[in-house]
Amino acid sequence: MTAGPPVVEVRGVRRTFGAVVALDDVSLDVHPGELVGLLGPNGAGKSTLLSLVSGLRRPDAGTVRLLGGDPRDARSRIGLGTTPQETGLPPTLRVGEVVDLVAGHYPDPMTRGEALARFGLEDLVRRQTGGLSGGQKRRLAVALALVGRPRLVLLDEPTTGLDVEARHVLWQALRDYHADGATVLLTSHYLEEVEALAQRVVVIDRGRVLADGSLRSVLDLVGLRRVLLTLPAGVADGDELAALPGAHSLAGRVASPAGDRVTVLASDADAFVRALVERGTPFRDLEVRGASLEEAFLALTAAQGERPDDEGRAGAGAPAATQEVTA
Amino acid sequence: MTTETLARRPFWRLAWLHARLGFVETVRIPIAVIGNLAFPALALLFFVVPQRAVAENPLYATAAVVQLGVFAVMSTCMFSFGAGVAEDRQMPFDPFVRTLPAGPLPRLTGRVLNGVGWSYVSVVPIVLVGWLLTAAALTWAQAGWSVLLVLAAAVPFVLLGLAIGYRLSSKAAIAVVQAIVFPLAFAGGLFMPPEAFPAWLDALSRALPTRALRDLTVQMVTGVEAYALALPVLLGWTFVFGLLAVLAYRADEGRRFR
Chain A
385 MTAGPPVVEV
395 RGVRRTFGAV
405 VALDDVSLDV
415 HPGELVGLLG
425 PNGAGKSTLL
435 SLVSGLRRPD
445 AGTVRLLGGD
455 PRDARSRIGL
465 GTTPQETGLP
475 PTLRVGEVVD
485 LVAGHYPDPM
495 TRGEALARFG
505 LEDLVRRQTG
515 GLSGGQKRRL
525 AVALALVGRP
535 RLVLLDEPTT
545 GLDVEARHVL
555 WQALRDYHAD
565 GATVLLTSHY
575 LEEVEALAQR
585 VVVIDRGRVL
595 ADGSLRSVLD
605 LVGLRRVLLT
615 LPAGVADGDE
625 LAALPGAHSL
635 AGRVASPAGD
645 RVTVLASDAD
655 AFVRALVERG
665 TPFRDLEVRG
675 ASLEEAFLAL
685 TAAQGERPDD
695 EGRAGAGAPA
705 ATQEVTA
Chain B
-4 MTTETLARRP
6 FWRLAWLHAR
16 LGFVETVRIP
26 IAVIGNLAFP
36 ALALLFFVVP
46 QRAVAENPLY
56 ATAAVVQLGV
66 FAVMSTCMFS
76 FGAGVAEDRQ
86 MPFDPFVRTL
96 PAGPLPRLTG
106 RVLNGVGWSY
116 VSVVPIVLVG
126 WLLTAAALTW
136 AQAGWSVLLV
146 LAAAVPFVLL
156 GLAIGYRLSS
166 KAAIAVVQAI
176 VFPLAFAGGL
186 FMPPEAFPAW
196 LDALSRALPT
206 RALRDLTVQM
216 VTGVEAYALA
226 LPVLLGWTFV
236 FGLLAVLAYR
246 ADEGRRFR
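Going line by line, the protein sequences match chains A and B. So in my numbering the end of the first sequence lands on 711, straight run, no missing numbers. So in my numbering the end of the second sequence lands on 253, straight run, no missing numbers.
No wet-lab data here; the hints were simulated from the structure. If you're wondering where the values come from, they're calculated on a predicted model, not measured in any experiment. Don't be surprised by glycine CBs; every beta carbon is placed ideally from N, CA and C. Please note: incorrect hints may appear among the correct ones.
In silico negatives: residues of chain A with every beta carbon more than 12 Å from chain B [to be verified]:
#1 E481
#2 E506
#3 S598
#4 V638
Chain B is faced by these chain A residues, among others (derived, beta-carbon under 8 Å) [said to hold, decoys possible]:
#5 G488
#6 M494
#7 G497
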């Protein structure tokens, strides 16, 4: 990681839309050369955060700095590249014209040819954007983010709705651009995408940063398994189960005539089941499933509730799973 | 890639870029302006040409052509290039353009230039009808002045339209523009000469940008002196509308999305 002042500096930011709290006391630094994935379900506040960093909106409280300046000031945005949503290209303009429009705002832009070649679009210069396929539009949208050779690229769901091949072309182009020395901050609700690109992952949900750590540590957390079993009523209380080897937390216990249906989130399902057997716990109807991203987020939220922590981050409640990234 | 000394692009190049591509976009969907082009020429055709007393009098006919010309410019500017931004603002491309390193002025200037360009186009049908079917005539000097007057008419009304378009949603903006254009045109004497106004309306009318424009154009055509404050009134409104447009642009945060 390169040293230097942060490219993005978000401090204690809050933003509401009417009664909806989109961001609640969010702090986040992105340093030069990082490739950061913002991961979270729809409506988590990811796009709102990007809109503050790109100067589209103002925070209600807290501060946002972009490349050392106020993102609302055009001068701060000389080093910033963003993408329009794929549906948002002016349909009557030709591909080359849209590239020129964006390139014209930057002091040292790529040529039309270079920007389009990075995304395999060079044959479409004369095509009106309204006539492009979904995948072509998406590639053009990302090309627009890079055409000004920005130091920081913000990408909001860059590959949503793309087929596998188009997605890989885009990912490679982003990796290449990052390798040239740029900083990239992208949002996604696909774990796969974040896994393919990001070195650092920030998990955000309901306007709060739940975890901020290396890709590996967040993947471990998201790699949780869901273990379901039925126990006779009164056998093994929740704390006991959660304390077993391999267990992460108790996610639910529902009483039924056949006994209590218990759901345990396990970081190591094998070890957990082995421990149950060794203890001679009389369980029935065992099921082991992969936990969804949503469940992993929920586990993070729950973990956060257990202990007070600083700066609204969830480093504390999920041992070995998250770590603060400050360097 | 290391220092922040790289400057923003020169203002006029950016403004020209926005104006040029805005023009191209409009050309490719010409129906957007055709309505505004046709209406004033039709009004001339139906209401002025049949009245031979007016149509055959060079002075009256020229004044009528010029007044409708002002109206054509005004409605083109307010509807297409002013209220039109309300529609553009609902497209996801608009927030994207706002993240580019440029403030409001190059874009707003680009829109004004585009509006001025189309204003020249919008007076062509009226000039043709007036020239072919009435006794209206301009000297070369008057024609030169009218080029300047189209500019003076276009700029304030594009700015007013932008101020509305950046504040309101598309549907609301069109309704508000309609509610403003016609009363403003009427009270400014573009449909009916102010000599026919009651005294109170005549007095009120002198404070309006439309009246100031109308009197300045009539002065150009007939030599009847405009009232002394006509030019300051027009410039004052242009400044006010420009200020409102910039404030509206700055306050705009686009569509709400999360």
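- Consistency of the no-contact label for A/E481, given chain B and a CB cut of 12 Å: Contrary to the label, A/E481 does not stay out of reach of chain B, its closest Cβ about 6 Å off (not over 12 Å).
- Item | Supplied contact hint for A/M494, tested at 8 Å Cβ to chain B | Given a least distance of 13 Å, the restraint on A/M494 is violated.
- Item | Closest C-beta approach of A/G488 to chain B relative to 8 Å, hint status | holds (5 Å)
- Taking 8 Å as the limit, does the beta-carbon of A/G497 come near enough to a beta-carbon in chain B? violated (19 Å)
- Query: Does the no-contact call for A/S598 survive, Cβ to all of chain B over 12 Å?
  - Reply: Holds: least Cβ distance 26 Å, greater than 12 Å.
- Query: Taking 12 Å as the cut and beta carbons as the points, is A/V638 off the interface with chain B?
  - Reply: The claim holds: A/V638 sits with its nearest Cβ about 33 Å from chain B, beyond 12 Å.
- 12 Å Cβ clearance of A/E506 from chain B: It holds; A/E506 is separated from chain B by about 21 Å at its closest Cβ, greater than 12 Å.
Checked against the numbered hints listed earlier, the structure breaks hints 1, 6 and 7; every other hint is satisfied.
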